[in-house]
Every structure is written in C-alpha cells, then in structure tokens.
Amino acid sequence: MARRFSVQRQRGFTTIAITCFFALYLPIVVLVFYAFNSADSLSSFQGVSLRWFARAFENQQVVDASLRSLQIAAVAATVATVAATMAALATTRTEPYRGLTLKYAFINQPLMVPEIVTAVALLIFFARIKIWTGYTGLGYLIAAHTAFCVPFAYLPIRARLENMDSTLEKAAADLYATPWKAFRYVTLPLLWPGILAGFMLAFVISLDDVVITEFVKSAGQDTLPTYMLGQIRRTITPEMNAISALFLLMSICVVIVFFVVNRKRV
Amino acid sequence: MTQPGANEAERSRDIRKRWLLSLPALLIVLAAATGPLLIVVLYSFLSPGPYGDVQWQPSMDGWIGVFLERDMFTETLSIADAHVSILIRSVMLSLVTTVVTLLFGFPTAYFIATRPERTRELWLLLITIPFWTNLLIRTFAVLQIIRNDGLINGVLMKLGLITRPIQMLFTDGAILTGMVYVYLPLMVLPVYANLEKLDFRLVEAAYDLYATPFRVLTRIIIPLAKPGLIAGSILVFIPALGAYVTPSILGGGKNLMLGNLIELQFGQGRNWPLGSALSITLMLIVTAALLFYVRNVGSQGSRHG
Numbered sequence: 001m002a003r004r005f006s007v008q009r010q011r012g013f014t015t016i017a018i019t020c021f022f023a024l025y026l027p028i029v030v031l032v033f034y035a036f037n038s039a040d041s042l043s044s045f046q047g048v049s050l051r052w053f054a055r056a057f058e059n060q061q062v063v064d065a066s067l068r069s070l071q072i073a074a075v076a077a078t079v080a081t082v083a084a085t086m087a088a089l090a091t092t093r094t095e096p097y098r099g100l101t102l103k104y105a106f107i108n109q110p111l112m113v114p115e116i117v118t119a120v121a122l123l124i125f126f127a128r129i130k131i132w133t134g135y136t137g138l139g140y141l142i143a144a145h146t147a148f149c150v151p152f153a154y155l156p157i158r159a160r161l162e163n164m165d166s167t168l169e170k171a172a173a174d175l176y177a178t179p180w181k182a183f184r185y186v187t188l189p190l191l192w193p194g195i196l197a198g199f200m201l202a203f204v205i206s207l208d209d210v211v212i213t214e215f216v217k218s219a220g221q222d223t224l225p226t227y228m229l230g231q232i233r234r235t236i237t238p239e240m241n242a243i244s245a246l247f248l249l250m251s252i253c254v255v256i257v258f259f260v261v262n263r264k265r266v
Numbered sequence: 001m002t003q004p005g006a007n008e009a010e011r012s013r014d015i016r017k018r019w020l021l022s023l024p025a026l027l028i029v030l031a032a033a034t035g036p037l038l039i040v041v042l043y044s045f046l047s048p049g050p051y052g053d054v055q056w057q058p059s060m061d062g063w064i065g066v067f068l069e070r071d072m073f074t075e076t077l078s079i080a081d082a083h084v085s086i087l088i089r090s091v092m093l094s095l096v097t098t099v100v101t102l103l104f105g106f107p108t109a110y111f112i113a114t115r116p117e118r119t120r121e122l123w124l125l126l127i128t129i130p131f132w133t134n135l136l137i138r139t140f141a142v143l144q145i146i147r148n149d150g151l152i153n154g155v156l157m158k159l160g161l162i163t164r165p166i167q168m169l170f171t172d173g174a175i176l177t178g179m180v181y182v183y184l185p186l187m188v189l190p191v192y193a194n195l196e197k198l199d200f201r202l203v204e205a206a207y208d209l210y211a212t213p214f215r216v217l218t219r220i221i222i223p224l225a226k227p228g229l230i231a232g233s234i235l236v237f238i239p240a241l242g243a244y245v246t247p248s249i250l251g252g253g254k255n256l257m258l259g260n261l262i263e264l265q266f267g268q269g270r271n272w273p274l275g276s277a278l279s280i281t282l283m284l285i286v287t288a289a290l291l292f293y294v295r296n297v298g299s300q301g302s303r304h305g
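Line order of the protein sequences matches chains A and B. All residue numbers for the first sequence refer to full-length UniProt numbering, where the first residue is 1 and numbers rise by one. All residue numbers for the second sequence refer to full-length UniProt numbering, where the first residue is 1 and numbers rise by one.
Any given hint could turn out to be false.
[Unchecked claim] Here are the simulated DSBU-like cross-link-like pairs (lysine-lysine), alpha carbons at most 30 Å apart as the crow flies:
id	chain 1	residue 1	chain 2	residue 2
1	A	Lys103	B	Lys226
2	A	Lys170	A	Lys181
3	A	Lys217	B	Lys226
4	A	Lys170	B	Lys17
5	A	Lys217	A	Lys130
6	A	Lys181	B	Lys17
7	A	Lys103	A	Lys170
8	B	Lys226	B	Lys197
9	A	Lys103	A	Lys181
10	B	Lys158	A	Lys103
11	B	Lys17	A	Lys103
Calculated directly from the structure, the hints in this document are not laboratory data.
Here chain B stands alone, though its shape is the one from the complex:
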C-alpha cells in the first residue's frame, strides 16, 4: 500500500498533467473567442473613429446610443425609437419563435420517442439531417417557397384562391417562418433526449387510474419532460435572438433584428462603440436566459448534443 503522502503527490502530479493536456484547447478558445469578447467591452467605452474603428478617448456615447439618441443641433437626448423598436422586435420574434417551435417540437419529439426501437433511429436521423445542414441553405430554401413566384403563391394562384401573389417575403412573418424552420431541430433533439428516458409505465399507471389523455399529458408527461422543454427553449431562444443570416435574407433591408443592427454599426454606420455596446447588450440578455436555465434545470437536464 502506498503512503497517504505519496498518494497526495501523485494526485497533484496528475492534476498538473491534466492542466498541461487541456492547455491547447484553453489557449485557442482564449485567443480567438473569449479574449476578444473583453476587447468588445473595452471598445464600447471609447469614441468612434471617423472611418470606423475607435479613437482612444473614453466615452459613454456608445452605451447611451443603445437606448437614446442625441440631437445633432440641440444636444438633447431622446429615446432612440429605431434601436428600441429593433430591440423589442428581436426579443418578441425570438420569444414567438421559441413558443412556436415548442408547440410543434414537443409533439414531434414525443412522436419519435414513442416509435418502436427500430424505426425510432430513422425518425431521429430525419431530424438530425436538417440540424447539421447549412443554415444558409435552409434559409434559402424557405426563401424560394415564400417568394412572390414561389411554391405557395404558385399553388394558391393555380387553385384560383388569389389572383395576385401575396407579399410574404421581406416581412416579420417571413423572418418568423424562417427562424421556426431553421431552429425546429434545436428544439426537438433535447426534448427527445429527455422523453427517451421517460418511464412510460407511469403513463400506463395513470391510465389505469382513469386519467384522461389530457390529464396524463399535463400531470405526468410535461412535468417529467420539463428539463428537456426548458433546454430546448433556451437552445432556440439564444441563436434566434442573435440571428443574422435569416433576418437579413428573409427580412430584406427594412425588417432588421439586433444582429443586423450590430452589423450595420461595423459597416455603413461606422460606429464601433455603439456596435460593441449593442453586442454586450445582446450578450447580457443571453446570459440572463442561461442563468434562468441553470436555476431551473441545473446540471440534470443538460444531456443533449
């Protein structure tokens, strides 16, 4: 038997080895993901340069600009309607996306989880394929369906239900449709992972005790599936709030979301501090959502991916 002291030394050597082993991954993430985030925080407190970039002069204008706008002549501040409305629209669209994907995703996950073992794998694969296919291509596919000369308008016109195409593209509805479409698999997979572990004997017991299907759903299945439902909601809400590709393709130039507003500040807007402040704002909302998740589910529900 080894001495306790020797064990201690061995353990500390083991831990040192483990730090060394994880160093490359930590350094890569620090250098090209986490570190730069801190620079964004710094930049949000500087003043904009004339051609983009920043001037090394401390300023709160970036942060003030998130909600307020300064009148050029009178120097008075008023609520920046454009920014606030984009912020509200982004949060609303993301929430609605989350709710709609939940309403469609939960039954779909339940359907997959209750298939016999053999076919279940196939249904799962059918959800996994869109999950890993390019988001840009899937958005492009939606674009082609809802265009003025796309499939939906074409069919409706053939049926004689409408005489002129309905303008669906470049509306908030288009953004919503696109986001629901691209993020649906993100909802289904974690909900499925949770339902898969559900003990269906409990469901049977409830039926034996004369529960109605609706009561079984609300009293047994949903409470047990809650960690998965919350995980799925968070997984949809976060990318939806920061969505850039989908709104910029389906929303056109006018219907912006937060992601596009941020991009604008680094492009034509040439206001990097404002763009940085908006980015941090976005991240704070996301962090709040994550904290909500940790509070409510903790580590027990994180079995996905």
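Extracted from the complex, chain A is given alone in its bound form:
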C-alpha cells in the first residue's frame, strides 16, 4: 500500500511541530552554552572556559549532594525494581481474579496523586516517626523514593510480560524444570530488557525528584536537585549551568539506552 504523503499533511502542522522542537531545545542549548562561559555572571558571554565545571567539582556541597542522590537512587531503584518485577509477575498473564484491579490501582497510586500532596503526607508521617524513634538518617528519603519509583519500574516490566506468552515456560515445566528453574532460565532472560528498562526509569525518576525530597529531607540531606533549587532561588552563577549540563548529559545517556533496550521487542 503506497501512502501518499500529501494526503496526510495538514496545513501548518509541520510549522507548528518544527516550532515546538525548536522551542523545546533552544533553552537547553542556551543553558549548556553558558556553562562554558568564562565570565563571572550570566549577563554576557566572554569566552569559552571550563572554569565553572572545575568549580562545581571542587564544591564539596555539590559533590556530597551528588553522591547522596546516586546512593538514594541506586537503593530505591533496586528495591523498587525487585518489588515491581514480582508484582508484574503476579498481575499479568492470568485470568482476572479478585483484587487484581485493586492491585493495579494501588501500585499506580503514586502516579495519580499530585507530588506535592504525597510530599506533605510523607512530611507529616515521617515527622511522627522521627519523634517516636529518634532516627533521622537517609532511610526516610530512600523509603519515599522507593515508593514513588514502584509504578515507574512496574510499567515497562508489565508491558514486556504482556507481550510474552507462557508457552516456553510450560514447555520447561513439561521437561520437569522446577518452577524456580523455569523462572531462572526461561522467564528471567526473556523479561530482562523490561526489568532493565524499569530499573533505569526508576533510577532517573529518583535522581530527578525535587518536591518529595525537599519536604522529606532532614537538615544536611540535600540531594543534587534540592541543592540546585536552593541555589537557583538565590544568586545564579554559571556554576549552576555547569552542574545542569552534566546532569543533562547523564539523563540523555540513560534515555538513549532506555530507548534502545525498549525498542528491541520480541
């Protein structure tokens, strides 16, 4: 079937689309461009220099906040992915059973509620627990991040599972594989791209989070985004641009990997 290109055209749509792409990337390009500014402020561009990148790396607060972000994201994304994989196995490839819809609703619940409301709820809840237990460590942030990462890890894993039929697992069972062996040698390798995609989504979502972290963190527990929020509200130097540029670079890499992994469907 030969699709005639002109038939699908709508007047002005291409112009609007190109404008959108341009508008989406212009601010980002400008932001990155000024990260290489050698001047002291963002008002003028005086020459190319890496001094603000160097400054960012020397800034102990930035280094600490970055490490804290990575630590939280690594733990939260791992726990969320394991839990989400199990939940996805439990909610797919089955006839509807009682409570199935409830499970969907529950797991996706963090997506339905505005972040600020979850943030407030956790602030209240953890404030109580802090009084009761006296514990003020990173555990609260990790718990909060794990919870909102669960649906993000769950979605790609579930999508992958739904595209897999259970013929191979049944064949394995017929050949006397134990349920664990069938899972380990058949299901898991097939599911792996989905799990990887889910983990990466969860990891990025955790790294990006501002609102919930801002409300849940105790003193001295800034992650990179909350540190940046604090700085942006005060005075802005090209150092912020340098940090943003590095952050962007990392996100783009993860997205591209995600895109490639997710595209190779069975």
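Put chain B on the given structure of chain A with help from the hints.
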C-alpha cells in the same frame, strides 16, 4: 485430564501465590505513599500546634480556612480572598496550560506520526529526551531565557525594538510559559501513541470523497484521536495543578499557585491542618479530573508510558 475440583484448588493456590508475590510492592506503596495520605485527612480535622505540627484537638478550622478567614478580633468569617484567588489562579493557569499544550502538542504528535518509519523514531526520541530530563533543570533553562538580561530581552534590545528589558520573570505569564514548556512532552506522547494506531486509509477515503483537509481533521482525525487527546490533557492538567517547582522559580515569591500555598502552611505559615485541608482539596480536584477521564475514555485509551 484433571478433575474440575483439582483445577479449582490449583487456581486458588495460584492466586495465593500471586498475592504473596505482589505483597512487597503493595506494602511499600501502602507504607510510603497511600497510608500517609490518610493521615493528611486526619490532620485536616485537628488544630494547629504553636510551632507547626498539630494538637490532638478536633477542629474544623483547617477546612474553614480553605475558603474563609476568621477575623482575629470580631471572630466573624469572611471569604479568604488570598486563598480563593490562588485557587482560581491555579485552576485557570492549569487549564490554559492544558489548552496551549494541546494546541501545540497535537500538531507535533501528528507530525511525528506521519513521518516515515525510519525518521519517526528519531523525532520520538527528541520528544522523549525532555520528557525524562529533570524538570528543575528545564525550568532553570526557561528562567535564563526570559530573565531581564536573558536571551529574549537581549535579542530584542540588539534589534532596537525595545530600549529597556521587558519584565517577564515573576509574572503569571512566566509561570504559564514554564508550565507549557515542561509539560509539552506529557501531551505529545499519549497523543502520538493514539495517532500511531490511526488507520490513514480512512483519511485517504475521506479525501477521495472530496473532503477538505479541515473537514478531514475535524470529522476523521480528531474523533479518532479523542482518547489520546483526553489522556494527554489529563496528564498535563494534574501535575500543572499541583505544580510547585515551576511557579516557585518563575513566579517569584508573589505569584503563588496552590502547591506553594500548601508548602507555606508547613513552613512559615505553621498551619498544618490548613495545609492538609488544602492538599485534600487539591486531590479532590485531581480525582474529579481522573473520573472525567475514566468516564470518557475508560480503559481503551490508557496506552501510554
């Protein structure tokens, strides 16, 4: 062949196993997302403590405070102008954001959906990258463009169109621009997911029957794309209404939205019950929007993400 009874037992064992498997995820969400929401409901009916937190004394003041304010001396109630205007402004800004992203997002999604297979992936990637990059950084990028010494003012001054920078930052327009910018991908992706499945032979048939492009758009494409358009609108409206980062950076201290008002109650305001009541109010509006979505689209249009 197995007996029906044995099948039954096997099935109930399978279901039990499935509950066990989903338990960790359910517990995590219950403990650190859903459960605390119930506490917010409880707190909205208590009285504020002197230094934040609450006192265990039932009170409706939190809820009354959402719309009304009590005069300190005469104890009379009047409409809380500040709160009501912030509430109205939040809803208006979110609605306008939704409409603007729809006007720009639909043609963009259509453009991507009508690209040849090979380049389509690339355009899609170009939308996906902003989707997954940090919202804070993207807001910061907008801030730099619209600052008084930012790109837009700089170019306009160079061209001699203006002599003094236009104050764009810290206005409602800035919040709107920022929200449209950060939420545009949320509109494009679900609309695209829907248009991708559109059978373009229908479009061709319409043309064969001498329909004008405009009629094809309004009679064929838009009706078929409706689930995606509604899904995109909901996906933009919900985070826009609860937006906190974008208005607090681009709106400055004065142009608040609901999210900032809530934050204020837990910070300087020290009125946790009011903050809780405002949060629940926000959630009720969001739930209404979601119900609207379910009513109109149901499960057929939920293919995104």
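Status of the hints after comparison with the structure:
For a cut-off of 30 Å, the pair hint linking A:Lys103 to B:Lys226 stands: about 28 Å separates their Cα positions. With a C-alpha separation of about 12 Å, the suggested pair A:Lys170 and A:Lys181 falls inside the 30 Å cut-off, and the hint holds. For the hint pairing A:Lys217 with B:Lys226, the CA-to-CA distance comes to about 41 Å; that exceeds 30 Å, so the pair is violated. Between the alpha carbons of A:Lys170 and B:Lys17 the distance comes to roughly 17 Å, so the proposed pair stays at or under 30 Å and holds.
For the hint linking A:Lys217 to A:Lys130, the alpha-carbon distance of about 12 Å falls within 30 Å, and the restraint holds. Between A:Lys181 and B:Lys17 the CA atoms are separated by roughly 17 Å; this keeps the pair inside 30 Å, and the hint holds. A distance of roughly 26 Å separates the Cα atoms of A:Lys103 and A:Lys170; the hinted pair therefore holds under the 30 Å criterion. Between B:Lys226 and B:Lys197 the alpha-carbon distance is near 12 Å, which keeps this suggested pair within the 30 Å criterion.
Between A:Lys103 and A:Lys181, the direct Cα distance comes to roughly 27 Å. Compliance with the 30 Å bound is thereby established for this hinted pair. This hinted pair does not check out: B:Lys158 and A:Lys103 have alpha carbons roughly 59 Å apart, beyond 30 Å. A distance of roughly 14 Å separates the Cα atoms of B:Lys17 and A:Lys103; the hinted pair therefore holds under the 30 Å criterion.
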